[in-house]
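Heads up: the sequence lines are chains W and H, in that order.
Adding 296 to a residue's 1-based position in the first sequence gives its number in the numbering used here.
Adding 296 to a residue's 1-based position in the second sequence gives its number in the numbering used here.
Any given hint could turn out to be false.
Any copy will do: because identical chains look the same in the list, a pair fits if it lies in one copy or spans two.
Dumping the calculated DSSO-like pairs for lysine-lysine here, alpha-carbon to alpha-carbon at most 27 Å [to be verified]:
1. K316 / K370
2. K520 / K449
3. K546 / K449
4. K583 / K382
5. K414 / K773
6. K595 / K583
7. K336 / K414
8. K391 / K546
9. K776 / K321
10. K316 / K773
11. K336 / K773
12. K316 / K707
13. K782 / K391
No lab work stands behind these hints: they were computed from the structure.
2 protein chains.
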Amino acid sequence: VKVRNLKISTGGIQVVLLRKEDANKIGVRHGDRICVESGKKKAISIIDITDDSKLIKKGEIGFFKEINELMKLKTGNKVSLSIITKPRSVYHIAKKLRGERLNEEDMNEIIKDITDKKLTDIETTYFVSACYMQELTNREIISFIHAMINNGKKLNFGKKIVADKHCIGGVPGNRTTCIVVPIIAAAGYLIPKTSSRSITSPAGTSDTMEVLCDIMLSISDMKKVVKSTKACMVWGGAMDVAPSDDILIKVEHPLSLDPIGQMLASVLAKKKAVGSTHCLIDIPVGKGAKIESRIKARKIKRKFEKVGKAIGMKVKVTITDGSEPIGNGIGPALEARDLLWTLKKDKRGSKVLLDKGTYLAGKLLKLLGEPKPFKLAKKIVDSGLAEKKFFEILKAQGIRYNDANKIPIGKYRASITANHSGKIKAIDNRTISRIARLAGAPSDITAGLYIYTHKKQKVSKGDILFTIYSNSAMKLKCAKDYALEKSGYVIK
Amino acid sequence: VKVRNLKISTGGIQVVLLRKEDANKIGVRHGDRICVESGKKKAISIIDITDDSKLIKKGEIGFFKEINELMKLKTGNKVSLSIITKPRSVYHIAKKLRGERLNEEDMNEIIKDITDKKLTDIETTYFVSACYMQELTNREIISFIHAMINNGKKLNFGKKIVADKHCIGGVPGNRTTCIVVPIIAAAGYLIPKTSSRSITSPAGTSDTMEVLCDIMLSISDMKKVVKSTKACMVWGGAMDVAPSDDILIKVEHPLSLDPIGQMLASVLAKKKAVGSTHCLIDIPVGKGAKIESRIKARKIKRKFEKVGKAIGMKVKVTITDGSEPIGNGIGPALEARDLLWTLKKDKRGSKVLLDKGTYLAGKLLKLLGEPKPFKLAKKIVDSGLAEKKFFEILKAQGIRYNDANKIPIGKYRASITANHSGKIKAIDNRTISRIARLAGAPSDITAGLYIYTHKKQKVSKGDILFTIYSNSAMKLKCAKDYALEKSGYVIK
Numbered sequence: 297v298k299v300r301n302l303k304i305s306t307g308g309i310q311v312v313l314l315r316k317e318d319a320n321k322i323g324v325r326h327g328d329r330i331c332v333e334s335g336k337k338k339a340i341s342i343i344d345i346t347d348d349s350k351l352i353k354k355g356e357i358g359f360f361k362e363i364n365e366l367m368k369l370k371t372g373n374k375v376s377l378s379i380i381t382k383p384r385s386v387y388h389i390a391k392k393l394r395g396e397r398l399n400e401e402d403m404n405e406i407i408k409d410i411t412d413k414k415l416t417d418i419e420t421t422y423f424v425s426a427c428y429m430q431e432l433t434n435r436e437i438i439s440f441i442h443a444m445i446n447n448g449k450k451l452n453f454g455k456k457i458v459a460d461k462h463c464i465g466g467v468p469g470n471r472t473t474c475i476v477v478p479i480i481a482a483a484g485y486l487i488p489k490t491s492s493r494s495i496t497s498p499a500g501t502s503d504t505m506e507v508l509c510d511i512m513l514s515i516s517d518m519k520k521v522v523k524s525t526k527a528c529m530v531w532g533g534a535m536d537v538a539p540s541d542d543i544l545i546k547v548e549h550p551l552s553l554d555p556i557g558q559m560l561a562s563v564l565a566k567k568k569a570v571g572s573t574h575c576l577i578d579i580p581v582g583k584g585a586k587i588e589s590r591i592k593a594r595k596i597k598r599k600f601e602k603v604g605k606a607i608g609m610k611v612k613v614t615i616t617d618g619s620e621p622i623g624n625g626i627g628p629a630l631e632a633r634d635l636l637w638t639l640k641k642d643k644r645g646s647k648v649l650l651d652k653g654t655y656l657a658g659k660l661l662k663l664l665g666e667p668k669p670f671k672l673a674k675k676i677v678d679s680g681l682a683e684k685k686f687f688e689i690l691k692a693q694g695i696r697y698n699d700a701n702k703i704p705i706g707k708y709r710a711s712i713t714a715n716h717s718g719k720i721k722a723i724d725n726r727t728i729s730r731i732a733r734l735a736g737a738p739s740d741i742t743a744g745l746y747i748y749t750h751k752k753q754k755v756s757k758g759d760i761l762f763t764i765y766s767n768s769a770m771k772l773k774c775a776k777d778y779a780l781e782k783s784g785y786v787i788k
Numbered sequence: 297v298k299v300r301n302l303k304i305s306t307g308g309i310q311v312v313l314l315r316k317e318d319a320n321k322i323g324v325r326h327g328d329r330i331c332v333e334s335g336k337k338k339a340i341s342i343i344d345i346t347d348d349s350k351l352i353k354k355g356e357i358g359f360f361k362e363i364n365e366l367m368k369l370k371t372g373n374k375v376s377l378s379i380i381t382k383p384r385s386v387y388h389i390a391k392k393l394r395g396e397r398l399n400e401e402d403m404n405e406i407i408k409d410i411t412d413k414k415l416t417d418i419e420t421t422y423f424v425s426a427c428y429m430q431e432l433t434n435r436e437i438i439s440f441i442h443a444m445i446n447n448g449k450k451l452n453f454g455k456k457i458v459a460d461k462h463c464i465g466g467v468p469g470n471r472t473t474c475i476v477v478p479i480i481a482a483a484g485y486l487i488p489k490t491s492s493r494s495i496t497s498p499a500g501t502s503d504t505m506e507v508l509c510d511i512m513l514s515i516s517d518m519k520k521v522v523k524s525t526k527a528c529m530v531w532g533g534a535m536d537v538a539p540s541d542d543i544l545i546k547v548e549h550p551l552s553l554d555p556i557g558q559m560l561a562s563v564l565a566k567k568k569a570v571g572s573t574h575c576l577i578d579i580p581v582g583k584g585a586k587i588e589s590r591i592k593a594r595k596i597k598r599k600f601e602k603v604g605k606a607i608g609m610k611v612k613v614t615i616t617d618g619s620e621p622i623g624n625g626i627g628p629a630l631e632a633r634d635l636l637w638t639l640k641k642d643k644r645g646s647k648v649l650l651d652k653g654t655y656l657a658g659k660l661l662k663l664l665g666e667p668k669p670f671k672l673a674k675k676i677v678d679s680g681l682a683e684k685k686f687f688e689i690l691k692a693q694g695i696r697y698n699d700a701n702k703i704p705i706g707k708y709r710a711s712i713t714a715n716h717s718g719k720i721k722a723i724d725n726r727t728i729s730r731i732a733r734l735a736g737a738p739s740d741i742t743a744g745l746y747i748y749t750h751k752k753q754k755v756s757k758g759d760i761l762f763t764i765y766s767n768s769a770m771k772l773k774c775a776k777d778y779a780l781e782k783s784g785y786v787i788k
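One chain only, chain W, in its complex shape:
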């Protein structure tokens, strides 16, 4: 059949359009999957049906943009079609749902099919549910890691020591990566950091960094950046390292799920695939953070260090205070602005963010074998070397802003004030995240919160607690209405 490129995009799902007569001839219906082939290029797609000859003619197949981008064919090119039977991995997923364990081969087939987009969203969702409810064993996690690494690209920087860090998340504004990476690089270590986009928060490190510079680097561009600066801060998804992870994250998003075993596998697979040898993991614990209890944090710490050892990586876990948002900005642009202020020691920056980043850098320098790690980290920050290195990396990745005041933020604004006077006892991370997300973060990068008051501070009735920003009047209203009902602040 002949291709006709249509200018319709779904935002992810791969769709082709067939004429009713053609679909009947092949024996497929709308919603079925089909494999489109041309030479070595191959794509799995869902079928939509039409009987409108203005859209496509008989003997033609309409490519939605997602398929067009994969196949890169022109209207009129020929492709062959073949029917896809249900992949075997679907039966492995059903097995896991029934409570049975998955072996190395099952896991590999599932991850391979997810990577090749052979599974539908519904099937992938069942896999995530199963991992969430039937907790993965360490052995399953190790299989998962190997499957993720093997079904993606692997990087090699040709160095004996490659440092890395990761934060479990759930604490809004917690952009310590952007402090730790320049410190470690300034200390002379290689730290090619890849991050993912937000799962449950108003912004992931990648979302925030994208405001400041390009993060969608190819592997060769990333290597150039690392060669010249010893570091990078790029989006892992663009690396094609463990590409299945981004598909899984997309499915986790609607319910803000993040099953422990899968999270562990995802983190360590990405670290291992980029060649990391020493990795610090930060688990912030607090109300509304991803991990709310120290007992659970310690359980995950043990699991991380054990699985890390099994795959030949030095992994150290540190449990930190996650009882309130770190930093003042929440949401991509607001966090980026906060970060620049903080690194430049502008008084509008966040001392808490700077201190936490410096502490984590010290922890990582210790794991790397430095004799006086915390002193070293502090010296690099105080001397301005960290700031210098940060801008060096931004420049190498294609800097967008070096002046915090020039970063555009949401044009619709609303301030939330204290209902009564008193001392701030607690700030719920989940509520703050929810308000920022209702305002449009992270897809609206200018949306989010700027927090004026933190834990232990005293406020008077009518004082501004935070301001909400959004580029959509409707979304601002949603966020404001929610915040007026529930601000997340406990003032006593």
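Position chain H against the provided structure of chain W, taking the given hints into account.
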């Protein structure tokens, strides 16, 4: 914005198309949900994006067929759009995934949002997964039933006694409904039977009946049929009775899941909503049937009878032999043909199917209070009254075939023969179903199997066990390859 109807159908998912500029103005992206309103009509839809002015102009919204059918507007009509925030029910689903229980109100919100199509496939899948892995309590099942009944139409036939039956399924070819319903109606009772389409089998009762007559009746047409014949055999989905169920079934389909609690709720909600007072439930037990152990069957029996009582219905469960396919035809058209042969006592029909149907009718007559129920059922069959009543119902619903030999079946055929001589010890239901489904059943109604040999029969090497039918040469090949490797027959 102005409507433009597009002739594209997805097969279920509700999609509208927006121009990129318009989407940016409103603050939505592809994949977001939007509410389309016109007067009292309202529909929730997923957004696709285009920048092609040939498809739609600025200020226009493109309706895919699914939305067009719901809204019934003409190109050029005006509609208003509003952004949808994440429904609260998503948080209830997350709660259930974490292992917490759902109360009456949570359950009602979930079912309401599923019914209103406010939940995406991914979110609905999480709900099904949660019900599958965190087994619903009896209290949750009762809430589920009330939620399903309240979010759909209710029927009232104005009679004190309304009989009904249901089979748990998993045994291919098991079309006893079509024997039981005419017997009960011929005995003078009202039995307005609604069925669903296939979940895990090559055909549901609705799929098979649709070959013979119209099953997509409106409530008023169904009432006319029941008034004139005392019975009907229609598709429940077209009744708008517990409409959420068909959305759930669609999501269960890919993994052939059917969580016990949800199944119980679905069955009893539909029975209660159509006003049934006395209901017989058949649980076939056997290898590859939905229920494989008698212990589990008895557990479900107790749950059914207990929950039935709690919602004020007389429910009786009978556990039957499900150790091999019942009847000779598997797949919609092949089962329909088999059924006509069986009722007309043609020698190509199935005695086992007739006997089982008659037995179940006896059981139901007993529940209805008949003094000699089994004798009565047999008399109705032997006298030809059952056959007469069956055709009376078909005619009232718009008969398509009364001659079995005229029903078209798959034009591509392949016979599977015995590898060696011996006695048939077992036939695995699941394998038979899978072969029929690979051949294209139920979406290809002509696809499936005709079984020549049953359990306990002796066969010689080379004897035909069954013939596979399909309208797609590719699908026939898939089914045949699978059957050659694994026929489901144990011959010793």
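Structure-based check of all given hints:
no.	hint	result
1	K316 / K370	both (23 Å within a copy, 23 Å between copies)
2	K520 / K449	within (17 Å within a copy, 65 Å between copies)
3	K546 / K449	within (20 Å within a copy, 36 Å between copies)
4	K583 / K382	between (43 Å within a copy, 22 Å between copies)
5	K414 / K773	between (40 Å within a copy, 21 Å between copies)
6	K595 / K583	within (18 Å within a copy, 41 Å between copies)
7	K336 / K414	within (17 Å within a copy, 40 Å between copies)
8	K391 / K546	both (23 Å within a copy, 20 Å between copies)
9	K776 / K321	between (54 Å within a copy, 20 Å between copies)
10	K316 / K773	between (44 Å within a copy, 23 Å between copies)
11	K336 / K773	between (50 Å within a copy, 25 Å between copies)
12	K316 / K707	between (47 Å within a copy, 20 Å between copies)
13	K782 / K391	between (42 Å within a copy, 20 Å between copies)
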